[in-house]
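Asks: The primary structure of each chain is shown beneath.
Protein chains: 2
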Amino acid sequence: MPTLPTHVDIFEEGPREGFQYEKGPIPTARKIELVDVLSDTGLKAVQVVSFVNPKRVPGMADAEAVVAGMTPRPGVSYRALWLNLAGFERARATGRLDLVGAFNIAASETFLKKNQNRSIAEQMADNGVMIERFKEVGAPVEKGGIMAAFGCNYEGDVPTTRVVELVGQLLAQASAHGVTLKYIMLADTMGWATPAAIKRTVGAVWDKHPGVGLSLHLHDTRGLGIANAYAGLEMGVTHYDAAVAGLGGCPFAGNAGAAGNVCTEDLVFMCEEMGIETGVDLERLIECARLAEDIVGHPLPGAVKIGGTLARLRAARAQASRA
Amino acid sequence: MPTLPTHVDIFEEGPREGFQYEKGPIPTARKIELVDVLSDTGLKAVQVVSFVNPKRVPGMADAEAVVAGMTPRPGVSYRALWLNLAGFERARATGRLDLVGAFNIAASETFLKKNQNRSIAEQMADNGVMIERFKEVGAPVEKGGIMAAFGCNYEGDVPTTRVVELVGQLLAQASAHGVTLKYIMLADTMGWATPAAIKRTVGAVWDKHPGVGLSLHLHDTRGLGIANAYAGLEMGVTHYDAAVAGLGGCPFAGNAGAAGNVCTEDLVFMCEEMGIETGVDLERLIECARLAEDIVGHPLPGAVKIGGTLARLRAARAQASRA
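In order, the protein sequence lines correspond to chains A and B.
Note that our numbering has the first sequence beginning at 13, numbered continuously upward.
Note that our numbering has the second sequence beginning at 13, numbered continuously upward.
Just so you know, the hints here were simulated from the structure itself, not pulled from any lab data.
Heads up, some of the hints might be wrong.
Copies of the same chain look alike in the list, so a pair counts if it works inside one copy or between any two.
As the list claims (entries may be wrong) - Once the Cα atoms are required to be at most 25 angstroms apart in a straight line, the calculated SDA-like pairs of lysine to any residue come out as:
{"id": "1", "residue 1": "K126", "residue 2": "A330"}
{"id": "2", "residue 1": "K211", "residue 2": "T18"}
{"id": "3", "residue 1": "K125", "residue 2": "R302"}
{"id": "4", "residue 1": "K211", "residue 2": "E284"}
{"id": "5", "residue 1": "K56", "residue 2": "P86"}
{"id": "6", "residue 1": "K125", "residue 2": "Q32"}
{"id": "7", "residue 1": "K220", "residue 2": "R68"}
{"id": "8", "residue 1": "K211", "residue 2": "P17"}
{"id": "9", "residue 1": "K126", "residue 2": "G99"}
{"id": "10", "residue 1": "K220", "residue 2": "M286"}
{"id": "11", "residue 1": "K35", "residue 2": "E177"}
{"id": "12", "residue 1": "K211", "residue 2": "H251"}
{"id": "13", "residue 1": "K211", "residue 2": "G287"}
{"id": "14", "residue 1": "K194", "residue 2": "R324"}
{"id": "15", "residue 1": "K126", "residue 2": "S333"}
{"id": "16", "residue 1": "K126", "residue 2": "R324"}
Fair warning: this is a prediction, and the values are worked out from it, not measured in the lab.
In isolation and in its complexed conformation, chain A is listed as follows (with noise of 0.2 angstroms):
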């Protein structure tokens, strides 16, 4: 039997992931709404908004407007992802925020062109630039992802070697610029990963690289999230993007590969159950994913607010035997 880590950490990205992509116009009243009730269940940092331009993505015009209206609560991070220094700055001028320093590459520069619309040489080299501008003012530097790192719907499958690599030049790039990464993200973006590759590629990156601290950001487009951050947690990795309720993508409206990144309230049911400790109050993340669902106004794929926990029914039964 593997052994298990006994904590996860797990980072909210609900509130970003699922209001940049619902097509629907949602009031920015219901996004904070949201947030508001994400900062009341454990979770200790939620990604609120993305700082990316409102004609690409219009669902994130209001960013600004969800984080000034927020109401912080002690303990927790709130989060916001940008994609460069103008983002980043936007993000800076609200006050409100962690400005925990981030930045990314990709496995595919086929991608990251359509994401981002820089190569992966120009994506470095303004890496380097964010990065001495979040030491200038004080952002600590903690975190390099890496896009597609398990395969891309436009260059295919991703060698082991080429993430192992891609790791390495991240940590390179860090070092070079006087800091240390706390943690390294591996995106499977499009759903390509399995099980199998997940146990393949940490164990590659910490053959080369021991001691690496991993975070897992894990689409669950095919189906296979869940599993996948099993295979994470049995490799020891204690760091997990998730997205209550599944926002991020609604598999009944026909985008295909745009499902959202695993379920919230799924992993820690299941971290749970299995005796790994997330801090998180899972019947309160369950109502928090119901009222995602009612926010989208349409079904999310999250399935424990469907079925319900098991703690609540050993404490019927408790109840019961008591009475």
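For chain A, the structure is supplied; the task is to place chain B on it using the hints.
Replies: Coordinates of chain B only, in the frame set by chain A:
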């Protein structure tokens, strides 16, 4: 890295699981249509109907008509479910089914009472009578099942030792009747299993009964079905029940705790992508999943039917690079 099996056998239960569960009346012709297209996917065994009390399960009142109407294809084993001798005799009377002798027990007395209105002792006694009848009519006695092997909504957690004990009882009962079971099915009837529990239970069974064949029947009530199947694969389990499109429960109908079996096409996708042969044509199976959705008239849970296969993306890339 664990060694995964090179091949798995998938037992398709979609028609039986789905049509006994769906509320709306489904025309017999459409049930037959699904069975016939499933016959053409490479699946080697399809469970077509259950012979149960039509008053309790109205969706199976036309079981005989479905069996009479299907077009059997050579190489496919057509099966039925029964819970008692009367059901078995109805299956036998059709003259068109593979009468593979199977019988069940449950780890939970309360569940067995609710599902079959019998105690475990009564069930064991009835099973003995059924085994003798199987032998009498030349039905090979292959499979003993343990329902609620990972937990029960009525009785709570099931200790691993209890499952090991029940496996021993099933093997002993078979042996007392002069037959050797090909495998024991461990059923997560109510969605209590986690990947860790699968590994613990399978490991404990094989410690006590080395080499006994095992199959897994995994309901996806809390979203862990596919992760549980992966845990089974890592343990070396090579027989899985599954339901096309995840038929057998609609997560959007508000039926808490009633989700279907692990989705066949998602399971096939995971296996094939990890180099585990299933013998199933995934694209054809996805067509079946879409047909199943059309027949039941509402979305079904499977993900690959939305996300699409990677084989298709790889083929498109190969073609583009040749052009």
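Asks: State for each hint whether it applies.
Replies: Each hint, compared with the structure:
In this assembly of identical chains, the alpha carbons of K126 and A330 lie at most 25 angstroms apart only when taken from different copies (20 angstroms versus 55 angstroms within one copy). With identical chains, the CA atoms of K211 and T18 are at most 25 angstroms apart both within one copy (19 angstroms) and between copies (18 angstroms). Taking identical chains as interchangeable, the C-alpha atoms of K125 and R302 are never at most 25 angstroms apart, the minima being 36 angstroms within one chain and 34 angstroms between chains. In the homo-oligomer, the alpha carbons of K211 and E284 lie at most 25 angstroms apart both inside one protomer (21 angstroms) and across protomers (16 angstroms), since each shortest distance falls under that limit.
Proximity of K56 to P86 under the C-alpha cut-off of 25 angstroms is restricted to the intra-copy arrangement: shortest distance 10 angstroms within a copy versus 57 angstroms between copies. For the identical chains of this complex, K125 and Q32 are intra-copy neighbours only, at 19 angstroms inside a copy versus 50 angstroms across copies, given an alpha-carbon limit of 25 angstroms. In this assembly of identical chains, K220 and R68 lie within 25 angstroms of each other by CA distance neither inside one copy nor across copies; the values are 38 angstroms within and 60 angstroms between. Both within a single protomer and between protomers do K211 and P17 lie at most 25 angstroms apart by alpha-carbon distance, with minima of 15 angstroms and 16 angstroms respectively.
When the C-alpha separation of K126 and G99 is checked against a cutoff of 25 angstroms, the pair qualifies only within one copy, where the shortest distance is 18 angstroms, while the shortest distance between copies is 59 angstroms. In the homo-oligomer, the alpha carbons of K220 and M286 lie at most 25 angstroms apart only across protomers (23 angstroms), although the nearest pairing inside one protomer, at 30 angstroms, exceeds that limit. Taking identical chains as interchangeable, the C-alpha atoms of K35 and E177 are never at most 25 angstroms apart, the minima being 37 angstroms within one chain and 54 angstroms between chains. For the homomeric pair K211 and H251, the shortest alpha-carbon distances inside one copy (15 angstroms) and between copies (23 angstroms) are both at most 25 angstroms.
For the identical chains of this complex, K211 and G287 are neighbours both inside a copy (21 angstroms) and across copies (14 angstroms), given an alpha-carbon limit of 25 angstroms. Taking identical chains as interchangeable, the C-alpha atoms of K194 and R324 are never at most 25 angstroms apart, the minima being 37 angstroms within one chain and 37 angstroms between chains. In this homomeric assembly, K126 and S333 come within 25 angstroms of each other (Cα to Cα) only across copies, at 19 angstroms, whereas the closest approach inside a single copy is 60 angstroms. Only between protomers do K126 and R324 lie at most 25 angstroms apart by alpha-carbon distance; the minimum there is 21 angstroms, versus 46 angstroms within a single protomer.
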